[in-house]
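S.K.: Quick one: dock chain against chain with the hints and give me the complex.
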Amino acid sequence: MTLRQAHEPDRQTAAADTATAVRATGVGKTFPTKAGEVVALTAVDLTVAAGEFVSLIGPSGCGKSTLLRLIADLDAASTGTLEIFGKPAPRARIDQDYGIAFQQAGLLPWRTVAANISLPLELHRVARDERRDRVSELAELVGLADFVDRYPDQLSGGMQQRVAIARALAARPRLLLMDEPFGALDEMTREYLQSELVRIAAETGAAVVFVTHSIPEAVFLSDRVVVMSPRPGRITTVVPTSLGVRDEALRESPAYFERVTAVREALHGAPRTRADER
Amino acid sequence: MTQTQTLRRARTAPEYGTWMPPAWLRVGAPIIVGILGLALWVLWVDVLGTAPRMLPGPVAIATELVARWGIIAEDMAVTATNALVGLVVGSVLAVVVAGLAAASRPVDGMVAPLVAAIAVVPIVALTPILNTMFGASSQFGRQAVAGLAAFVPVFVNVLRGLRQTRPVHRDVLRASAATGGQTFRTLTLPTALPYLMTGLRIASSLAVIAALVAEYFGGPADGIGTAIATYAKSGRAALAWAYVAGGILIGLSFFLVTALLERIVARRSPG
Numbered sequence: 003m004t005l006r007q008a009h010e011p012d013r014q015t016a017a018a019d020t021a022t023a024v025r026a027t028g029v030g031k032t033f034p035t036k037a038g039e040v041v042a043l044t045a046v047d048l049t050v051a052a053g054e055f056v057s058l059i060g061p062s063g064c065g066k067s068t069l070l071r072l073i074a075d076l077d078a079a080s081t082g083t084l085e086i087f088g089k090p091a092p093r094a095r096i097d098q099d100y101g102i103a104f105q106q107a108g109l110l111p112w113r114t115v116a117a118n119i120s121l122p123l124e125l126h127r128v129a130r131d132e133r134r135d136r137v138s139e140l141a142e143l144v145g146l147a148d149f150v151d152r153y154p155d156q157l158s159g160g161m162q163q164r165v166a167i168a169r170a171l172a173a174r175p176r177l178l179l180m181d182e183p184f185g186a187l188d189e190m191t192r193e194y195l196q197s198e199l200v201r202i203a204a205e206t207g208a209a210v211v212f213v214t215h216s217i218p219e220a221v222f223l224s225d226r227v228v229v230m231s232p233r234p235g236r237i238t239t240v241v242p243t244s245l246g247v248r249d250e251a252l253r254e255s256p257a258y259f260e261r262v263t264a265v266r267e268a269l270h271g272a273p274r275t276r277a278d279e280r
Numbered sequence: 121m122t123q124t125q126t127l128r129r130a131r132t133a134p135e136y137g138t139w140m141p142p143a144w145l146r147v148g149a150p151i152i153v154g155i156l157g158l159a160l161w162v163l164w165v166d167v168l169g170t171a172p173r174m175l176p177g178p179v180a181i182a183t184e185l186v187a188r189w190g191i192i193a194e195d196m197a198v199t200a201t202n203a204l205v206g207l208v209v210g211s212v213l214a215v216v217v218a219g220l221a222a223a224s225r226p227v228d229g230m231v232a233p234l235v236a237a238i239a240v241v242p243i244v245a246l247t248p249i250l251n252t253m254f255g256a257s258s259q260f261g262r263q264a265v266a267g268l269a270a271f272v273p274v275f276v277n278v279l280r281g282l283r284q285t286r287p288v289h290r291d292v293l294r295a296s297a298a299t300g301g302q303t304f305r306t307l308t309l310p311t312a313l314p315y316l317m318t319g320l321r322i323a324s325s326l327a328v329i330a331a332l333v334a335e336y337f338g339g340p341a342d343g344i345g346t347a348i349a350t351y352a353k354s355g356r357a358a359l360a361w362a363y364v365a366g367g368i369l370i371g372l373s374f375f376l377v378t379a380l381l382e383r384i385v386a387r388r389s390p391g
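Those protein sequence lines, which keep their order, are chains A and U. In terms of my numbering, the first sequence is residues 3 to 280. In terms of my numbering, the second sequence is residues 121 to 391.
Honestly, the hints are just simulated from the structure, not real lab data. Keep in mind that this is a model prediction, so the values were computed, not measured. Idealized CB from N, CA, C, for every residue including glycine. Incorrect hints may appear among the rest.
[Claimed, not checked] Which residues of chain U face chain A? A few of them, derived with a C-beta cut under 7 Å, are:
no., residue
1, V288
2, V292
3, R294
4, A295
5, S296
6, A297
7, A298
8, Q302
9, P310
[Claimed, not checked] From the derived model, a few chain A residues whose C-beta atoms are all more than 12 Å from chain U:
no., residue
10, P34
11, T44
12, L245
13, Y258
[What the hints assert, rightly or not] From the derived model, a few chain U residues whose C-beta atoms are all more than 12 Å from chain A:
no., residue
14, I155
15, V179
16, A187
17, S257
18, F337
19, S373
Excised from the complex, chain U in its bound form (with noise of 0.2 Å):
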C-alpha cells in the first residue's frame, strides 16, 4: 500500500533536482523525432539516392501496404491466430503448472530443472523439427513455437506471484477458519494476478516473434513471415517491409492489450 503511494507520490511530484518536462513536450518530443527520423530517411533514400537498394522510402512502404492491404491483412490474420493459440495454451499450460509447482515441494523441485531447461533452449531452433514433425500442411509447428516462448515468462512470474502472500494475511484468513480452497481464491489468487498480467505482458510479444520467425523455417506458404522471406528473396523490398510494418501492427496489438490488461489489475494490486 505504502509502496504504490511513494511510487504514486514519485510520479507527480518529482524529487529536487529532476525537471519535468510540460505535458505537450512530453507528447511532442516522441512525435518530432519521428518526424526527423521519416525526413532523413526520405532524404536518405528519395533525395541522395545513396541508399541499399533493398531499403525503399517511406512513401513506397506505406502506399504498398494500402495498396495490398488484403493480402497483407489475411497474412497477418494467420500469424497473429498462430501468436495467439499460442500465448493462450502455452499461458494456461504455465499458470496450472506454477499452481502445481506452488501447491507441493516436490512437484516443485521436479518442475524447476524442466523449465531452467525450457528457458535456455533456443525455441526456434525446434522449429524445423516441428514443421517437419506436424507436415508441411499444418499450423501445429509454429503454434507450439509460439507456445513454449509463452509458457516460461509466465510459468516464473505466476510461480513468484503465488508466494508472495504476506504472513499477516495468511494469519486473517486462519483466523477465520478458512479453508485451503477459500484461502487460494480471496487470497493467493489476487496476489498473483498482478504477477500473471506481468508473465502475460511479456510472452504476448515473445509469442508473436515466436510465431512470426516460425514461418521462417518452412510449414504452410501462408504467414507474414513467409511473405517478408518470399519477396525478399525475390527483390520486392517495398513489399516486404510493408509486410514488416503488419508483423509491428501485430506485436504492438498484443502489447497493448496486454499492458492494459496489467495496468487494470495493477490498480488494486498489493504492495
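Just chain A, same shape as in the assembly (with noise of 0.2 Å):
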C-alpha cells in the first residue's frame, strides 16, 4: 500500500529528496534462527515528509521497532528500498541525518550530561568551541541547562531521556528517531515529556518517526499514526489525526478522543466499548 503525503513540503522550491524524509518502499526484514526464517516485517511502503510527526503502533512483534532500526541502519533490510532524504539508509547514517533515541537512555555513565550530549559532535570532530555552544543550546532545548555537569546516574529517568534526545539533536538532523522513548516513565512525566516533544520538534523542524505501543500517545502526538499488526509484521491502517494544535486542552477534546477511538479500532479490527489501552 502506498501512502499519499498527508502534509506538503514547506518550500516549494524544495527539492524532491528533501521534501521526503523516509520513503520505504516493499521493505521486508528476515531473521534466520534455528527453526527456520522469521519473517519480522513485509512489503511495508511508508513515505515520510519533511518536519511530519509519523507514529508506529502495534501489538509486540509488529515490527515497528524493527522498522525503526531497518530507518536508521541499525539492522539491513533484506527486501525493497529505504531512502532518507533520498539517500540510502546507511549513506544517511554516515552524514547523520537523523537521530535516535531508544527506550532505555543509553548514556555514557562515565561521562557528564553535557559530555553525553556533545558525543555526536566529538566523534565528527567538531570544534571545541563550537561544541560548548551547541551543548548549553541543546540543553536549554530540553531544560536542563541547570544540570550539564551531573552525571546520569544522579538524574531521573525522565531527565536522563530528556539527555538522550538532546544527544539525538546533536548534530542538527532534520529526522528524529525514537524507539517507545518514554515506554520506561510514570504517566506524569510521559505526558509532561511529550508535551516537551511537541515543542522540540516544532522549534527544530525535524520529521519524527515515533515507535510507541500507547495509542493516547501516539494520537497526541502525530500527524498520522501508522497501525501494525505482526505475523507477519505490516501496515494494516494508516490514521491521519489532523488535531491542529497540541497543547493540555488538546487532551480533554472530543476531536482526540474519536482519533483514540479511531486508532483503537484500526488495531483490534473492530469497535470496542472498553476503553483498555496502554
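M.R.: Here's what the structure looks like:
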C-alpha cells in the first residue's frame, strides 16, 4: 500500500529528495533462526514528509521497532528499498541525517550530561568552542541547563531521557527516530515529556518517526498514526489525526477521543466499548 | 546505574534485621582484636616461655626491624622492583593479548586454551628452571615468574570487561556513525576499565608473592625471600620474622595502591 503524503512540503522550491524524510518501498526483513526464517516485516510502503510527525503503533512483534532500526541502518533490510532524504539508509547514517533515541536512555555513565550530549559532535570532530555552544543550546532546549555537570546516575529517568533526546538532536538532524522513548517512564513524566517533544519538534522542524504502544501517546503526538499488526509484521492502516495545535486542552477534546477510538478500532479490527488501551 | 544506586543504598540503609555497628566500634573492634592478639603473643612467648624457639615475641621482631631497617629496606627494594616489573610487563602483555582476543574470534580460540594452561601451571615450579636458564646473577627469572603470575588475572578480567558493552550503547555509537577506533576509545575501553582495575588488584598481590617465593629457588643472593630463608636456616628467628614483616609491607602497599585505583575508576563505571 502506498501512502499519500498528508503533509505538503513547506518550501515549494525544495528538491524532491529533501521534501521526503523517509521513503520505504516494499521493505521486508527476515531473521534466520534455528527453526527457520522468521518474517519480522513484510511489504512495508511508507512515506514520511519533511517535518512530519508519524507514529508506528502495534502489538509486540508487529515489527515497529524493526522498521525503525532499518530506517536507522542499525539492521539491513532483506527486501525493498529505503531512502532517507533521497539517500540509501547507510549513507544517511554516515551523513548524520537522523538522530535516534531508545527506550533506554543509553547514556555513558562515566560522562557528564554535557559530555553525553556532545558525544556525536566529538565523533565528528566538531571544534571545542562550537561543541560547547551547541551543548548549552541543547541543554536549554530540553530544560536541563542547570544539570550539564551532573552524571547520568544523578538524574531521574525522565531527565536521562531528555539528555538522550538532546544527544539525538546534537548534529542538527532533519529526522528524529524514537523507539518507545517514554516507555519506561511514569504517566505524569510521560505526558510532560510528550508536550516537551511537541515543542522541540516544532522548534527544530525535524520530521519524527515515533514507535510506541500507547494509543493516546500516538494520537497526541502525531500527524499520522501508522497501525501495524504481527505475524508477519506489516502496516494495516494509517490514521491521519489532523488535530491542529497540540496542547493540554487537546487531551480533553472530543476530536482527540474520536481519533483515539479510530486508532483503537484499527488496532483491534472491530469497535470496542472498553477503554483498555495502554 | 540502578545497580550501583541500590548498592549504595544498601550500604547506608541496611535491610531490616541487620544491625549496623556505630563508627567508633567499626574502627575500634579490629584494633581491640589486634591488641588482644599481641597481648596473647607476648604472654605465650615472653611470660610463659612455652613458644617454639623459632617464634620470638613481637617486641623482639620490632626491635630487629628497626635496628636492621637499612638492609631490610635494601632487600625490600629488590623484591618490590621484581614484583613491579613483573606486574607491569605481565599486565601490559595481558591487556594487549586480551584486546586481540576480543577483536578476533580466531585469536580468542587460539589464546583461550593457552591461558587456561598457564593458569593451571604452578608458576613457582618454573622458578628453578628459569633461574638456571638466566643465570644466578640475573633478576630476570624472578621477574618472569611475577609477570606470569600477574598475566592470568589481568587477561581474564580485561577480556571479560571488553565484552561488557551494552547493546544500546553500541546502537548509539553506530547511529552516530562512529568508526571502529572511536567506538573502542569512547565505549569499549571505558567499559573495560573497572575490570582492568579488578584484575590489577588481584595481580598485584600475586606478583609480590611470586617474586618473593621465587627467591627461595636460587638466583642472586638478595631480596626478602632469600633473607628469610637464610636467617631461618641460621636460627636468627627475630631477624627472619622482621624480613617477613618487610614482605607484608610490600604486599600491603601494592594492594592498597591498586585498590585505591580501582575505587577511583569504579566511581563512574557502568553498572
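S.K.: None of the hints should be skipped; say for each whether it holds.
M.R.: Comparing the hints with the structure gives:
1. V288: holds (4 Å)
2. V292: holds (5 Å)
3. R294: holds (6 Å)
4. A295: holds (5 Å)
5. S296: holds (4 Å)
6. A297: Result: holds, 5 Å to nearest chain A Cβ.
7. A298: holds (5 Å)
8. Q302: Hint on U/Q302: holds, closest Cβ of chain A at ~5 Å, below 7 Å.
9. P310: It holds, given that the least Cβ distance between U/P310 and chain A is near 5 Å, below 7 Å.
10. P34: holds (19 Å)
11. T44: Its Cβ never comes within 12 Å of chain U, the nearest being 24 Å, so this holds.
12. L245: holds (30 Å)
13. Y258: holds (32 Å)
14. I155: Correct as stated: the minimum Cβ-Cβ distance to chain A is 41 Å, above 12 Å.
15. V179: The claim holds: U/V179 sits with its nearest Cβ about 50 Å from chain A, beyond 12 Å.
16. A187: The claim stands: U/A187 keeps its Cβ more than 12 Å from every Cβ of chain A (closest is about 49 Å).
17. S257: holds (47 Å)
18. F337: holds (44 Å)
19. S373: Given a closest Cβ separation of 28 Å, the condition holds.
The structure shown violates none of the earlier numbered hints.
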